[in-house]
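Taking the hints into account, I'd like the entire structure generated from these sequences.
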Amino acid sequence: MRPFTYERASSASSAARAAAENPEAKFIAGGTNLLDLMKLQIERPAHLIDVNGLGLDEIQPTEAGGLRIGALVRNTALASHEVVRRDYALLSRALLAGASGQLRNKATTAGNLLQRTRCPYFYDPHQPCNKRQPGSGCSAIGGVTRQHAVVGISNACIATHPSDMAIAMRALDAVVETVKADGTVRAIPIGEFYRLPGETPHIETVLEPGELITSVVLPAPAGGTHIYRKVRDRASYAFALVSIGAVIQPDGSGRVAAGGVAHKPWRVEDGDKELKNGAKAAAAALMADARPTEQNRFKLELVERALAAVIAQARG
Amino acid sequence: MTYSTPVSLTINGERHELDVDNRTTLLDLLREHLHLTGTKKGCDHGQCGACTVHVGGQRINACLTLAVMHEGDDITTIEGLGRPGQLHPMQAAFLKHDGFQCGYCTPGQICSAVAVLEEIRAGIPSHVTEELTRPPGLTDAEIRERMSGNICRCGAYSNILEAIEEVGGINP
Chain Z
1 MRPFTYERAS SASSAARAAA ENPEAKFIAG GTNLLDLMKL QIERPAHLID
51 VNGLGLDEIQ PTEAGGLRIG ALVRNTALAS HEVVRRDYAL LSRALLAGAS
101 GQLRNKATTA GNLLQRTRCP YFYDPHQPCN KRQPGSGCSA IGGVTRQHAV
151 VGISNACIAT HPSDMAIAMR ALDAVVETVK ADGTVRAIPI GEFYRLPGET
201 PHIETVLEPG ELITSVVLPA PAGGTHIYRK VRDRASYAFA LVSIGAVIQP
251 DGSGRVAAGG VAHKPWRVED GDKELKNGAK AAAAALMADA RPTEQNRFKL
301 ELVERALAAV IAQARG
Chain P
1 MTYSTPVSLT INGERHELDV DNRTTLLDLL REHLHLTGTK KGCDHGQCGA
51 CTVHVGGQRI NACLTLAVMH EGDDITTIEG LGRPGQLHPM QAAFLKHDGF
101 QCGYCTPGQI CSAVAVLEEI RAGIPSHVTE ELTRPPGLTD AEIRERMSGN
151 ICRCGAYSNI LEAIEEVGGI NP
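Top to bottom, those sequences are chains Z and P.
The first sequence begins at 1 in this note's numbering and counts up one residue at a time.
The second sequence begins at 1 in this note's numbering and counts up one residue at a time.
Since the hints were derived computationally from the structure, they do not count as laboratory data.
It is possible that some hints are incorrect.
Stated by the list, open to error - Subject to a maximum C-alpha distance of 25 Å in a straight line, what follows is the list of computed DMTMM-like cross-link-like pairs (lysine to aspartate or glutamate):
| hint | chain 1 | residue 1 | chain 2 | residue 2 |
| --- | --- | --- | --- | --- |
| 1 | Z | K26 | P | E71 |
| 2 | Z | K276 | Z | E294 |
| 3 | Z | K26 | P | D73 |
| 4 | P | K96 | P | E166 |
| 5 | Z | K26 | Z | D57 |
| 6 | Z | K26 | P | D44 |
| 7 | P | K96 | P | D73 |
| 8 | Z | K39 | P | E14 |
| 9 | Z | K180 | Z | E7 |
| 10 | P | K41 | Z | D124 |
| 11 | Z | K280 | P | E118 |
| 12 | Z | K39 | P | D28 |
| 13 | P | K41 | P | D19 |
| 14 | P | K41 | Z | E43 |
| 15 | P | K96 | P | E71 |
| 16 | Z | K26 | P | D28 |
| 17 | Z | K39 | P | E166 |
| 18 | Z | K39 | P | D19 |
| 19 | Z | K39 | P | E32 |
Said to hold, decoys possible - Some but not every residue of chain P turned toward chain Z, in silico, with C-beta under 10 Å:
| hint | residue |
| --- | --- |
| 20 | E17 |
| 21 | D44 |
| 22 | C51 |
| 23 | R59 |
| 24 | I60 |
Said to hold, decoys possible - Partner residues aside, some chain P positions facing chain Z, computed with beta carbon under 10 Å:
| hint | residue |
| --- | --- |
| 25 | S4 |
| 26 | S8 |
| 27 | L9 |
| 28 | G42 |
| 29 | L64 |
| 30 | L66 |
| 31 | K96 |
| 32 | H97 |
| 33 | V116 |
| 34 | R121 |
| 35 | S126 |
| 36 | L132 |
| 37 | G168 |
| 38 | I170 |
Source: prediction; values computed, not measured.
Think of the CB as a built atom: it goes at the ideal place given N, C-alpha and C, for glycine as much as any other residue.
The structure is reproduced here in structure tokens:
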């Protein structure tokens, strides 16, 4: 690991300011992804700003009838929260489908949103990777691509976003609240938070240098049946090949987001619209313009089948 | 600023004040600085669970956290759970049920298992909990799912499960 200096932040705005002043600085919260990447020298910060002392670990009702989740709320605490279990079951289910008990005890809400891809070429410093080393090329394209993205890809990157939680947040229309280095705050709808890879796959979100996530806000409960269905190579403690997060109303309408298929949680307007017309129609809309490889073409069928199972479960 | 930071923390009831290289993980602090070698380094990337310890009563992977991030924390390792002659019930049950072969993953398995029973008692749901609005049951399925972050390459899983069931009170 590269040597780094370390400070414990005393306020969110001072943390953002410190990070903006030092382009080689990183925030650390749970650390479960960042430290993994630092050991491999994929992340090489010269300075760490520990934000664990900032509070930001509460879940509180909002005036609009929703919930404000502090950035530092641990995944276990969020999944276990009484109101989340009752009114946002999709979020509990997605969190519990991810990682292990040990990791969920440490990983935070904001850190989960910002975790990096598990593309094996990103993780191998000996291989070119546009995400790890901009401009070096993509080793996944033409390589082993069974796990990779099928929609929203570019010629520079076909990595997927690994988060289960983010799929639920996308389907629930969460809003990411931040503070910038100049002390101003903003609220970013999660649909606008993540970027597609394009020519700059190393820039994954719209966050500005130093900008710190302070909370994630859920709107008032959407009602309906909440289902997170994750398809993976083993029954527990594995990333998704494909996952479906859905909220389905009694009349069959609803909203649906897919994981394991794109550089970001994947939700499109037509996917929601077609949900009441069944899995085939909704999957076709969700996967429109897909560009699979021979090795990951199966994901298109898997999305449809997972959706069919979700719709059947919602009908009871 | 320097590349080291003072940190004070309590490990197995004993207070320690140290000045550590910022890069030191909690796992390396335990093993290399304090010579508490019960906690094992398996993958060092949070994938195997051999380094599982309790921080403030919660189980975490000691390999994926920096020592300097634990100022004031209360940490329990396998050495703090029990000692020869006064074993923790989970340690005794692993012996009784032969819940290991090579033993390398065992301290992590035991630390994890103790926390798993606490998590179920505390009503924390899991991936296999059927109804999120009801407390999870103490079942085989719940234990298996919750132990998935602890890998045993010898494959002693069925005996590990029996040990945890006995301590949890599932078996007669």
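Checked against the structure, which of the hints given earlier come out wrong? 2, 7, 8, 11, 15, 17, 20, 26, 27, 28, 31, 32, 34, 37, 38
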